[in-house]
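Residue numbers (this note's numbering), protein chains in the order written: chain A, 1 to 212; chain B, 1 to 212; chain C, 1 to 212.
Treat the hints as calculated values from the structure; they're not laboratory data.
One thing to keep in mind: the hints can contain errors.
To be verified - DSS-like mimics (lysine-lysine), calculated; alpha carbons at most 30 Å apart, straight line:
hint	chain 1	residue 1	chain 2	residue 2
1	C	Lys116	A	Lys67
2	B	Lys107	A	Lys182
3	B	Lys175	A	Lys182
4	B	Lys182	A	Lys175
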Amino acid sequence: MEHFMGFSLLPKQGDFFESFNNLANTAVLAADYFKTLASNGSFNVTTAAAMHDIEHKGDEITHLIFKKLNTTFITPFDREDIHNLANKLDSVIDMINAITNRMKVYKMSETSSELKQFAELIHKSATATALAVASLENTKKMHAALEYCIEVNRLENEGDIVRDTTLSTLFDSGKDPIYILKWKEIYELSETVLDICEDVANVIESIVVKQA
Amino acid sequence: MEHFMGFSLLPKQGDFFESFNNLANTAVLAADYFKTLASNGSFNVTTAAAMHDIEHKGDEITHLIFKKLNTTFITPFDREDIHNLANKLDSVIDMINAITNRMKVYKMSETSSELKQFAELIHKSATATALAVASLENTKKMHAALEYCIEVNRLENEGDIVRDTTLSTLFDSGKDPIYILKWKEIYELSETVLDICEDVANVIESIVVKQA
Amino acid sequence: MEHFMGFSLLPKQGDFFESFNNLANTAVLAADYFKTLASNGSFNVTTAAAMHDIEHKGDEITHLIFKKLNTTFITPFDREDIHNLANKLDSVIDMINAITNRMKVYKMSETSSELKQFAELIHKSATATALAVASLENTKKMHAALEYCIEVNRLENEGDIVRDTTLSTLFDSGKDPIYILKWKEIYELSETVLDICEDVANVIESIVVKQA
């Protein structure tokens with residue numbers, strides 16, 4: 001459909017898909033690194049800087065997509081959906097970076113079983129999100145995209161329950177207020193990552209429905 | 001206008017209005033229930049679950065509107081306005097649910113005169129919002145819609161003043177930091193409900209101006 | 001271009017630019033006043049009311065732009081960009097007002113070297129933002145707009161570093177939890193002003209790229 005007699009009518013559509021996959025895979029990379037840090041309790045200045053590098057890579061890919069969007073006449077999906085998809089995928093990475101950065105600021109190096117749970121959910125959700133994104137390029141795979149989106153929604157619901165249990169335990173812990181203030185923020189940021197993955201899934205669902 | 005010789009050119013417009021009224025009325029239901037809980041100080045696991053059911057109903061109606069939007073060619077308003085209207089109405093319900101859920105998590109069962117004030121404002125604002133939404137279907141009633149929007153704006157301003165007074169009193173109370181942290185969050189979430197009702201009113205104003 | 005033989009094809013475009021400059025200059029006014037208050041430590045009920053007046057002026061200009069947008073057929077930029085530009089400029093003013101209002105609520109009158117740093121960054125960023133906005137009217141000046149946007153981005157990065165250092169110091173201070181809770185909020189709101197200036201810059205970049 002894209003090529004006719006050597007003439008490319010929509011020469012840049014492939015670029016969009018490639019950039020989206022790059023961005024989604026960068027989110028998986030951030031989630032993977034976060035899971036390692038949460039497993040080992042290895043939050044420090046060095047690992048925060050490494051996460052920041054991943055975040056910066058996400059910014060660059062997002063900027064590239066926006067630039068392409070503003071200079072491309074024919075796009076594979078609605079312009080607004082492309083903008084939202086890039087923006088929300090980038091926010092997933094930003095939010096994972098915000099957690100490790102805030103832990104650096106608060107000089108929190110220890111981990112917790114609850115943070116490991118969140119890191120596991122975030123990793124699963126980023127992975128399902130990236131698989132949903134990868135399914136968008138091929139019209140025949142679009143049904144698969146919806147399956148991955150359902151999984152992202154399920155993980156967000158699971159995250160809500162983990163957050164509620166975690167905060168209940170934290171506020172019952174009798175720990176000092178500063179300790180509670182810090183961890184409350186880290187756990188809420190963690191749950192927000194899952195919310196933003198759900199935002200991505202909503203954009204993808206919207207794209208798929210329009211293509212049907 | 002919609003029917004000509006038995007042929008329906010815009011057969012699905014009525015559905016949009018019905019769904020919007022359903023969603024706005026679900027927000028009123030949530031506000032009504034919240035007012036009862038705040039009056040009686042009956043926040044607990046059971047009432048939080050009942051509020052969650054209302055929130056789930058809101059999600060279903062919103063999802064239905066989005067699906068309809070993505071598969072309908074001709075819509076009664078700008079597509080973006082429809083999307084924003086559904087999204088913001090749903091957020092009103094989400095935010096009321098977030099308050100009762102957070103009170104459950106923090107094991108807060110008591111009420112306060114300030115929470116009763118907020119519950120009263122939220123109930124008034126959700127009601128005015130639903131009346132504004134109901135006015136959208138009939139072009140002749142659109143002036144009434146704007147009157148309800150002005151009321152929603154007024155209630156938001158009133159909420160800002162209540163929040164400021166409430167937080168001043170709370171921080172002057174000499175209560176322990178954890179107590180202050182919990183109630184600060186509940187009061188701020190309460191005020192946010194009024195902000196989101198104002199967001200709904202802004203979308204409605206935008207729709208009315210374009211139809212004029 | 002706009003006038004041909006005395007006939008104005010696009011008679012209202014000039015109005016948009018005038019309103020945008022008014023709004024951006026109101027943001028500079030708010031930033032300027034905030035810098036004075038932070039320098040002198042003169043936060044009180046009277047100065048909070050004066051800032052609120054500035055915020056109200058911003059609301060009026062924004063409302064005017066939205067009304068114009070909804071009733072004008074031909075606009076100088078994409079409708080969505082106009083909406084976002086007005087909305088985000090207004091949010092800059094709202095957020096500066098939120099800081100002084102919250103300090104009034106918390107009865108904080110003192111200043112700090114960190115707050116002075118933020119006030120300086122906010123003033124620089126609002127000024128660069130206003131210069132970027134002013135560059136939009138003249139196609140030949142659009143390159144200058146991008147330079148100002150780069151400066152706004154740079155100031156946002158600087159603000160992130162100031163916020164991290166400031167919060168680290170605050171949490172290490174050994175001050176009581178309520179003191180930390182209050183100042184954490186003030187510093188985070190301050191950094192958010194810089195984030196929103198960056199949002200404005202992103203909208204401006206998007207406008208410039210499309211005009212190229």
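Do the hints match the structure? See the list:
For the hint linking Lys116 (chain C) to Lys67 (chain A), the alpha-carbon distance of about 36 Å lies beyond 30 Å, and the restraint is violated. For the hint pairing Lys107 (chain B) with Lys182 (chain A), the CA-to-CA distance comes to about 20 Å; that is within 30 Å, so the pair holds. With a C-alpha separation of about 20 Å, the suggested pairing of Lys175 (chain B) with Lys182 (chain A) holds against the 30 Å cut-off. With a C-alpha separation of about 15 Å, the suggested pair Lys182 (chain B) and Lys175 (chain A) falls inside the 30 Å cut-off, and the hint holds.
Hint check: a violation occurs at hint 1 only; the rest are consistent with the structure.
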